[in-house]
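All chains, please: the whole structure from these sequences, using the hints.
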Amino acid sequence: MDEQNRNLLLAMVLSTAVLFVWFILFPPPEPVPATENAATQADGTVALPSASATATPNGDAAPADTPAATTSDAPRIDIDTPSLSGSISLAGGRIDTLSLKDYRETRDAGADTVSILSPVGAAQPYYTLFGWAPGGGLTAADTPGPDTIWSLEEGATLDTDTPVVLRWDSPAGLTFRRTISVDEKFMFTVEQSVENATENVVRIAPYGIVARHGEPQDLMGFFIIHEGAIRMSDGELKEIDYDDLPTDPDTVRAEESGWVGFTDHYWMTALIPAEGQPFSSTIQYIPSSDVYQTSTAGQTIEIAPGATGSTTTQVFAGAKEWETIRDYEAGRTVTGFGASVSYFFGFSDQTGVDGFIDSIDWGWFYFLTKPIFFVLHEFNALIGNMGWAIIALTLTIKALLFPLARKSYISMAKMKELQPEMEKIKERAGDDRQKLQTEMMGLYKKEKVNPASGCLPILLQIPIFFSLYKVIFVTIELRHAPFFGPFQDLSAPDPTSIWNFFGLLPYSAPDPTSFLALIFIGILPLLLGISMYLQQKLNPAPTDPTQAMIFAWMPWVFMFMLGSFASGLVIYWIANNVITFSQQYLIMRSHGYKPDIWGNIRSGAKPAAKDDKTAEKPDNKNAKPKK
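Residue numbering for the sequence shown follows the numbering used here, beginning at 502 and increasing consecutively.
If you're looking for bench data, these hints aren't it; they were derived computationally from the structure. In this text, a Cβ means the ideal position worked out from N, Cα and C, and glycines have one as well.
What follows is a set of in silico ranges between Cβ atoms, one per label pair, in the way DEER data are often shown:
id: 1; residue 1: E924; residue 2: L738; range: 57 to 63 angstroms
id: 2; residue 1: Q938; residue 2: L1006; range: 53 to 59 angstroms
id: 3; residue 1: I1031; residue 2: N1001; range: 18 to 24 angstroms
id: 4; residue 1: D742; residue 2: D684; range: 26 to 32 angstroms
id: 5; residue 1: D742; residue 2: R608; range: 25 to 31 angstroms
id: 6; residue 1: E655; residue 2: E606; range: 34 to 40 angstroms
id: 7; residue 1: K947; residue 2: F1002; range: 52 to 58 angstroms
id: 8; residue 1: D749; residue 2: T676; range: 32 to 38 angstroms
id: 9; residue 1: K908; residue 2: E824; range: 35 to 41 angstroms
Restricting the straight-line Cα-Cα distance to at most 16 angstroms, the calculated cross-link-like pairs of lysine to aspartate or glutamate (EDC-like) are:
id: 10; residue 1: K949; residue 2: E922
id: 11; residue 1: K927; residue 2: E940
id: 12; residue 1: K871; residue 2: E822
id: 13; residue 1: K602; residue 2: E822
id: 14; residue 1: K915; residue 2: E948
id: 15; residue 1: K936; residue 2: E922
id: 16; residue 1: K949; residue 2: E918
id: 17; residue 1: K739; residue 2: D855
id: 18; residue 1: K686; residue 2: D660
id: 19; residue 1: K602; residue 2: D684
Here you go:
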């Protein structure tokens, strides 16, 4: 076996091995059974979570255990913005009903909008709470709790132009107000104030809670994407899966900035205390009520008689759109390509939500996934079609790798030219392996050929392939992104199938999660196999029978292996094969070697020689005459 074929074989084997390991480490997600609702009490109410007893900086206890509350009969304030619809319950003043106007559960006409938050009494309650923990001289009855009924002081419907103001008068002579506003996307601003009309100094500490009853029913359970608690504290990111949330409070103090909440595949709810205000964030699972909870506790403040104390917290509840989250992190209102470039290269000196862009799970290869998505996002903004944006991204990657690829293709062409000389060396060396290696290395050095250079472009494609897989799987911009015709969701597998002759026959294709879908693949996997096959046929089949068999099966093995991948990823692989084929063909032609593609196909289609007599026939072009 010559050095070139050996290296090509090694590259293909390595690629296959990596893909097999990938399937073992990252198996397709299995359906997760629906979790049971939080346990109800005898009177039919649902026990609210315990606002964890986090110590404040001055040693006072943060929120105590919350009593049970029923919110179904409490008055509500509607939320209506260009991006959100929902309501705020006056029981606790909680934001507990929220849907995303621009996102639907499926692509079907009339599908329900995606629901982010839901109240106690729903299938899976998920909501935000705010309040004050009493300090010295105050009791829990003197501060509003999760079941306290607030009154509406100002506003009627919460929209981008009109905030609402809630009020509660404490028996201790304190007046609590909560002003809630919202922007055009997914960020709420909650300002809490306490007016002290007593003759005594009041000590009190603010807190916020995001509570989730039970694991989400649509949990992917696929560890290529993080789903669970997420926390940023002074630049340090921590992610904890639901299964790993501690029953004892996991508390961290942030001196400058941070945020904490829960992240799903495409959605997130997070509490964001004001920049520069020290606070403690806590992550906890409460087994007794099956509640997952993240919370923030601010510093205890002292309010003199006749004075007013206040604190501000932001709440993000919505879709993890890259452009939206990037602008929240940068703290600017500039949008478009200029904003993208200034953010990517760090030109902006404005501050916002520290490290917010990392709420998107970029993975271990973040140094590749971030720039890959940036380029893909900008191509999509320019072209207006994510499928063509993926093809444009492929062209860009191939252009960047072209100098290396050109050197590889030139080396391969020279190797073909040296084939006769290499055969002579093999004849002279016979069974002397050391002599063979010495003379081969001398030939490579003389002709300035590196036989290993053909492997490097192939190996470089592996991390790029995995990074693009991560981008397509994780980012919401690929969710339900159409290409053309039947390809209306590039984050999902090819919807066409041989089973119904690509939609021409009057019955449905196999379910994408079934074994039949793996066999009866669609148009894109077929094009992938054909493109790999034609690329392979730029060179004659190896003379070694075992190697020739491996090469013959390789395109079709990859075709079935990648058939269940996201169609956007398969489009990238097809485009990559087509561009690689064109580059290699033109470079080989420019160096005097004309690939005989159809001849190689015909040669590969002939049956293998069965014995030495067949090999001696003069019409067998691939056989060598016996000595």
